[in-house]
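A.B. asks: Below, each chain spelled out in residue letters.
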Amino acid sequence: MITLQDIRKVYRNGPLEVEALASVNLTIERGEFVAIMGSSGSGKSTLMNIIGCLDVPTSGKYVLDGEEVHALDEVRLSSVRNRKIGFVFQSFNLLGRQTVLHNVELPMMYGGLNRIKRTQRALELLEKVGLGGRVKHKPTELSGGQRQRVAIARALTMDAPILLADEPTGNLDSKSSEEVMELFKNIHQEGTTIILVTHEPDIAAHAERVLWFGDGKLLRETRKGCAAI
Amino acid sequence: MSMWESILVALDNLRVNKMRSLLTMIGIVFGVMAVVTVVSIGQAGQASVINELSNFSEGYFVVFKTAGEANSNANITLRDLNEARKVDGVKYASTSSSFQMSEMRGTEKLQLNLLATTFDMVKMQKIDMVAGRFFNAQEQRTKQKVLVVEADYAEKVYGSAERALNRKVKLSGGTFQIVGVYKPQKSLLGDIGGTAYSVYAPIESMPDSSAGRYISSLEIVSETPEQMDDLMLEMKEWLALRHNAEPEHFTSQSGKEAQDMVSSVFGILQVVIGSIAAISLLVGGIGIMNIMLVSVTERTREIGIRKAIGATPGAIKLQFLIESVILSFLGGMTGALLGLLVGAGVSLVMDLPSVVSFWAIVLAFGFSATVGIFFGYYPANKAAKLQPIEALRYE
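Protein chains in written order, with the numbering used here: chain A, 1 to 229; chain B, 1 to 395.
Calculated from the structure, these hints are not laboratory results. Keep in mind that a hint or two might mislead.
[What the hints assert, rightly or not] Straight-line Cα separation of at most 27 Å, DSS-like style, residue types lysine-lysine; simulated pairs:
id	chain 1	residue 1	chain 2	residue 2
1	A	Lys-117	B	Lys-170
2	B	Lys-86	B	Lys-109
3	B	Lys-123	B	Lys-109
4	A	Lys-175	A	Lys-117
5	A	Lys-138	B	Lys-145
6	A	Lys-185	A	Lys-175
7	A	Lys-136	B	Lys-18
8	B	Lys-236	B	Lys-123
9	B	Lys-317	A	Lys-138
10	B	Lys-170	B	Lys-109
11	B	Lys-86	B	Lys-156
12	B	Lys-156	B	Lys-183
13	A	Lys-61	B	Lys-385
14	B	Lys-109	B	Lys-183
15	B	Lys-109	B	Lys-91
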């Protein structure tokens, strides 16, 4: 369902050209749990941003559910982000001034759901991530682990088929990390495709498939239960 | 996201930055206040002057030597006035010349504005007598030094209107006897003129009362209002014949025309001063743009988050545009209210009719909303065009 063909991303900085991604070819099927690993500067985050439609490739073809995403304009891209992709960031990226409930409702506001449905769905999801009692709190009043769970609830609101997580446990202690990974597992079992960027091997160990990146290239990949290819 | 929700989000953002929102709004408040004040005071003044001009009887007009006319034969004299009364269709004829005089009362110097006129004036113009009477034809013919003074003067000098009657007033032209006291119409110009008291005296009682004395104009009332237009032309021809001049050497103007002229002068004044006031609205608008640009930069990350979860460029643009429109609209509302209050206050102090200008308010609202959209558009567009990933990375 995600097909990347010859994806390149070049950053221009004056006369300097930096190749963040050099011809990446990749297919991820529906329902996979994929971890992307690599050192910093390996291109793994750039790839993640391109898959998440936050960034556009310099060249190459990106097909998502049969749709040629690389050719879409900003309005269509925002719709793709809204309906198809749920984001979980390392730094949570919640709106600090708004309540937990409002934060979770936000994607549904842009998605055009009515108020009653929105609130109902948001409360349901907050219950699911174990924050049913904190809906009126501001994110600043929550711990890191709780904030990340709010972000996960937000990523699930539109029933997006893909969940992208960029170092989701990078700012969390080990206990919170485990709770978050537990949630991901449950979400995965319900059929959502999960793509997770990390540099921690024990986090990547939760995934069925691990992609190793370096110098903007896909170096190798391993599947659970299989030797490195 | 619905419009209503966008408005709520915008209000929320403005609330969080209370002080900043307030200060930004003040620019618009003063701009709109200035415009509304100018227009409402202008309209009150206009209404007042027109009201004053409508004190004249129907069929009233003046004839004077055309401005800039060099023909010295065309100077109107006192003799013309006396003959004009006999012209067919003329009901009343009069003239008035004003003299600035001062009078010493003990150590205080009173300023008087003496209007030298004829006995008919009381019939041509609304003059409310509160004591005594206006001077009559007999007194005028015999060059009696009689005076009709305004009520404020009588009260100031003698304590009351009645006590002023038959008193003597020493002026530079001689000693005058008070025969009547009148209450002047509320006058914008008189009030602006300040402290001078208006008094009437017969024109024949002035030092030069010869028949050949020049007068500035003839003031005429026609027998019937319908006759006025014809009589205005006839009087010019009549004067031309008497002075061996051309009718074009004289100009006649009706009370209605004078009203129209005053209206247009006030209209122009309002537009000019209003435009100057509108510049402050422009400055206020730039203030809004400035603060919106700051706000967009400050909230770059928030914009990134909203975009990441599916906000379209249009939704982001609308959000910022609504914020700037709310700022300028609230400012406009406050400004219009303050402007009306100031206008009403000034009208009260200056004794003008209080006029609430519908158009001034519509103008202020329209203008401030336009300012909000115009100056909010650029920052809103800037926000809408941010690349999601760059906005998210912004620290």
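A.B. asks: Now look at each hint and say whether the structure bears it out.
C.D. replies: Hints versus structure:
no., hint, in the structure
1, Lys-117(A) / Lys-170(B), "92 Å, violated"
2, Lys-86(B) / Lys-109(B), "42 Å, violated"
3, Lys-123(B) / Lys-109(B), "32 Å, violated"
4, Lys-175(A) / Lys-117(A), "33 Å, violated"
5, Lys-138(A) / Lys-145(B), "90 Å, violated"
6, Lys-185(A) / Lys-175(A), "15 Å, holds"
7, Lys-136(A) / Lys-18(B), "22 Å, holds"
8, Lys-236(B) / Lys-123(B), "23 Å, holds"
9, Lys-317(B) / Lys-138(A), "26 Å, holds"
10, Lys-170(B) / Lys-109(B), "12 Å, holds"
11, Lys-86(B) / Lys-156(B), "41 Å, violated"
12, Lys-156(B) / Lys-183(B), "14 Å, holds"
13, Lys-61(A) / Lys-385(B), "24 Å, holds"
14, Lys-109(B) / Lys-183(B), "22 Å, holds"
15, Lys-109(B) / Lys-91(B), "40 Å, violated"
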